[in-house]
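> Residue numbers (the working numbering), protein chains in the order written: chain A, 3 to 201; chain B, 3 to 201.
Copies of the same chain look alike in the list, so a pair counts if it fits in one copy or across any two.
Here are the simulated lysine to any residue pairs, SDA-like style, with alpha carbons at most 20 Å apart: (1) LYS87 - GLY63; (2) LYS38 - ALA120; (3) LYS148 - ALA48; (4) LYS38 - ILE114.
Don't read these hints as lab results, they were simulated from the structure.
Spelled out, the chains give:
Number of protein chains: 2
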Amino acid sequence: MFTVYGMADSGNCYKVKLALEQLGRPYRWVQVDSTKGETRSRDFLARNANGKVPTLQLEDGGYLPESNAILYYLAEGTPLLPADKLGRARALQWMFFEQYSHEPYIAVARFILRYLPADSARRAELPRLVERGRQALSVMEQHLAKEPFFAGGRYSVADISLYAYTHCARDGGFDLQPFASVRAWLERVRVQPGHVPLG
Amino acid sequence: MFTVYGMADSGNCYKVKLALEQLGRPYRWVQVDSTKGETRSRDFLARNANGKVPTLQLEDGGYLPESNAILYYLAEGTPLLPADKLGRARALQWMFFEQYSHEPYIAVARFILRYLPADSARRAELPRLVERGRQALSVMEQHLAKEPFFAGGRYSVADISLYAYTHCARDGGFDLQPFASVRAWLERVRVQPGHVPLG
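Here chain A stands alone, though its shape is the one from the complex:
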């Protein structure tokens, strides 16, 4: 059985939970609270030297970090990953987009507003985070105006990856009203069989 080291309110950890639930794979969840320094403990760093959740413990005892690498690993050979080479590359294209052009703005804005005190100096970062996050939403909107999902014409781990922090973007101060195709896609993802909410 898999063990997920994760924090329930983290979108990156939610990705792994959602994929495991939809694939019907049993797992054990070990709560690790990064806001209390638990990802920097000696024990945890032995599991993932980069000190981040989620980290998946495999059935052979090894550890696999990086939410999107975990998604790919779980989905390979299942309907959650396109069966053709270009489809897999498209799924990865959007998962790298998520980690480079989306999460560092939308998830970080959410973190500042949800976890840091109202007088935190990091609030000064918000205008830039909101501007860049909106750019990411606009790139998604352009794609979703033409396609129902991100890769291969059907629901895949690319959708799970981008859903994780887009569906709670309001927590980071983002207004999804101008992004009609993104909102319709969020609803298509939410009604997939086996869907579970964040938390």
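We have chain A; now place chain B onto it with these hints.
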């Protein structure tokens, strides 16, 4: 034949060039200078709505952005990607590490020092970038003290991805002297058959 839209001095674009050369795949290179706004032109945004190089034009005319998704696409089915599922996940683990925990510090520090004027206000970012970049080098050092390469025990696209900005980290103000295993790995990568330099 592939067409690479890229900027010769960019590490992200160099990844694609190095993989194509080592795989012996013919390609055409179209220079796109992001420092002159050429990735924000109407023509270029029609190729990649996210406005970034590299973007690969496929043989069917379609476009694939995201350097690491391109690497994976080119390497699938070749010796540059592990043949087993866990090995592929390990390659992706390090490629996601590269885009989230390495490139945003080491490549951005290099960009500020190499492309912006000496009195740029962005120099204020350098102390944080250097601290985070050193953390990434330290995570690499721990892995490379035990393993010769990043995934599957042999040279792969994970090494190409991390080599791109590590081998020129000095441009960003990083001293590699404390990272002996990283330096030995850089040399192992540099002597791989078909290796070509950045630029």
